[in-house]
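Protein chains in written order, with this note's numbering: chain Z, 15 to 132; chain U, 32 to 149.
Be a bit skeptical, because a hint or two may be false.
[Unchecked claim] Footprint (simulated), chain Z over chain U, 3 or more residues, beta carbon under 8 angstroms: (1) 76–87; (2) 136–148.
[As the list claims (entries may be wrong)] Pair ranges (Cβ atoms, derived): (3) U:TYR95 to Z:PRO75: 43 to 51 angstroms; (4) Z:ALA16 to U:GLY41: 28 to 36 angstroms; (5) U:GLU87 to Z:LYS28: 51 to 59 angstroms; (6) Z:ALA67 to U:SER73: 30 to 38 angstroms; (7) U:ARG103 to Z:GLY30: 46 to 54 angstroms; (8) Z:LEU53 to U:GLU92: 28 to 36 angstroms; (9) Z:PHE110 to U:GLU87: 24 to 32 angstroms; (10) U:ALA112 to Z:GLN97: 41 to 49 angstroms.
[Said to hold, decoys possible] Chain Z side only, calculated, beta carbon under 8 angstroms to chain U, not exhaustive: (11) SER45; (12) GLN55; (13) VAL103; (14) LEU105; (15) GLU120; (16) GLN121; (17) GLY126.
What the hints contain is simulated information worked out from the structure, not anything from laboratory work.
The C-beta atom is built at its ideal place from N, Cα and C for all residues, glycine as well.
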Amino acid sequence: GAGVSQSPRYKVAKRGQDVALRCDPISGHVSLFWYQQALGQGPEFLTYFQNEAQLDKSGLPSDRFFAERPEGSVSTLKIQRTQQEDSAVYLCASSFPGGASGKDNEQFFGPGTRLTVL
Amino acid sequence: AQKITQTQPGMFVQEKEAVTLDCTYDTSDQSYGLFWYKQPSSGEMIFLIYQGSYDEQNATEGRYSLNFQKARKSANLVISASQLGDSAMYFCAMREGRYGGATNKLIFGTGTLLAVQP
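All chains should be built: construct the whole structure from the sequences, respecting the hints.
What follows is the structure in structure tokens.
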């Protein structure tokens, strides 16, 4: 079946511009995660949804970052008034919790959106 | 706070040889999961192997094995018979709770860049 997809793959924004990044999780996956990966670093957690409920947004770096998943499937990460420090790859991952093995909670990652703020 | 440490920024290995990528972790939880992901230049995170904190045997998945030493809080990845296609970034990650905590979020290390030489 289809994996996690993200669009756009690349986004160049001028400083101060608003951007919206889209994530299509694997069909039926309840959990959805957003991560931010700066150049040369590991991904860092931003926020987590279980269906349409945003249960954890502790990783969002500022109130300029906003995420939603209104119908429990597609999610959008919005960044307002972008700054140069927002330049990074934004990764989306989904998982279907449950099962006896922790591996069943494996997160499947999309290809990411590379955001460059000039 | 939970933390993953990967002390090898880069590694070289000859094709067909085995290589060990180091990972140490810090957590106060008794129940947790450890993951290894591969990230090729295309950017997508590819799941390799999982180890639960209560699993008594080291995990193996094909050419990948995880050397889990709980008392030392280490979870090193061993790749046997390296192939040119193994050249990529490798990330160790931890999730609290064997079956997933409230969030299931992953904490990643900074990664190790592996280069396989012919």
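Checked hints:
1. For the region 76–87 of chain U, the stated coverage by chain Z holds: 5 residues have a C-beta nearer than 8 angstroms to a C-beta of that chain, and at least 3 were required.
2. With 7 residues carrying a beta carbon less than 8 angstroms from a beta carbon of chain Z, the region 136–148 of chain U meets the three-residue requirement, and the given coverage holds.
3. For the pair TYR95 of chain U and PRO75 of chain Z, the beta carbons lie near 33 angstroms from each other, so the given range of 43 to 51 angstroms is not met.
4. Here the CB-CB span from ALA16 of chain Z to GLY41 of chain U is close to 34 angstroms, well matched to the stated 28 to 36 angstroms.
5. GLU87 of chain U and LYS28 of chain Z have their C-beta atoms about 55 angstroms apart, which keeps the hinted 51 to 59 angstroms range intact.
6. Separation of ALA67 of chain Z from SER73 of chain U is about 32 angstroms and conforms to the stated range, judged on CB atoms against 30 to 38 angstroms.
7. For the hinted restraint 46 to 54 angstroms between ARG103 of chain U and GLY30 of chain Z, the CB-CB distance of approximately 49 angstroms keeps it satisfied.
8. Separated by about 29 angstroms at the C-beta atoms, LEU53 of chain Z and GLU92 of chain U satisfy the suggested range of 28 to 36 angstroms.
9. Distance hint for PHE110 of chain Z and GLU87 of chain U: a CB-CB separation of about 26 angstroms, consistent with the stated range 24 to 32 angstroms.
10. Between ALA112 of chain U and GLN97 of chain Z the C-beta distance comes to about 46 angstroms, which sits within the given range of 41 to 49 angstroms.
11. Evaluation of the SER45 of chain Z hint against chain U yields a held restraint, the C-beta minimum of about 6 angstroms falling below 8 angstroms.
12. For GLN55 of chain Z, the interface hint holds, the least distance from its beta-carbon to any beta-carbon of chain U being 6 angstroms, beneath 8 angstroms.
13. Given the 8 angstroms rule on beta carbons, the hint for VAL103 of chain Z holds: about 6 angstroms separates it from the nearest Cβ of chain U.
14. Residue-level restraint check for LEU105 of chain Z holds (minimum Cβ-Cβ distance to chain U is 7 angstroms; threshold 8 angstroms).
15. Interface hint at GLU120 of chain Z: satisfied, since its Cβ lies 5 angstroms from the closest Cβ of chain U, which is below the 8 angstroms cut-off.
16. Of the supplied interface hints, the one on GLN121 of chain Z holds, with its beta-carbon coming within about 6 angstroms of a beta-carbon of chain U, less than 8 angstroms.
17. With a cut of 8 angstroms, the hint placing GLY126 of chain Z at the interface with chain U holds, because the nearest CB-to-CB distance is about 5 angstroms.
Of the numbered hints listed earlier, the single one contradicted by the structure is hint 3.
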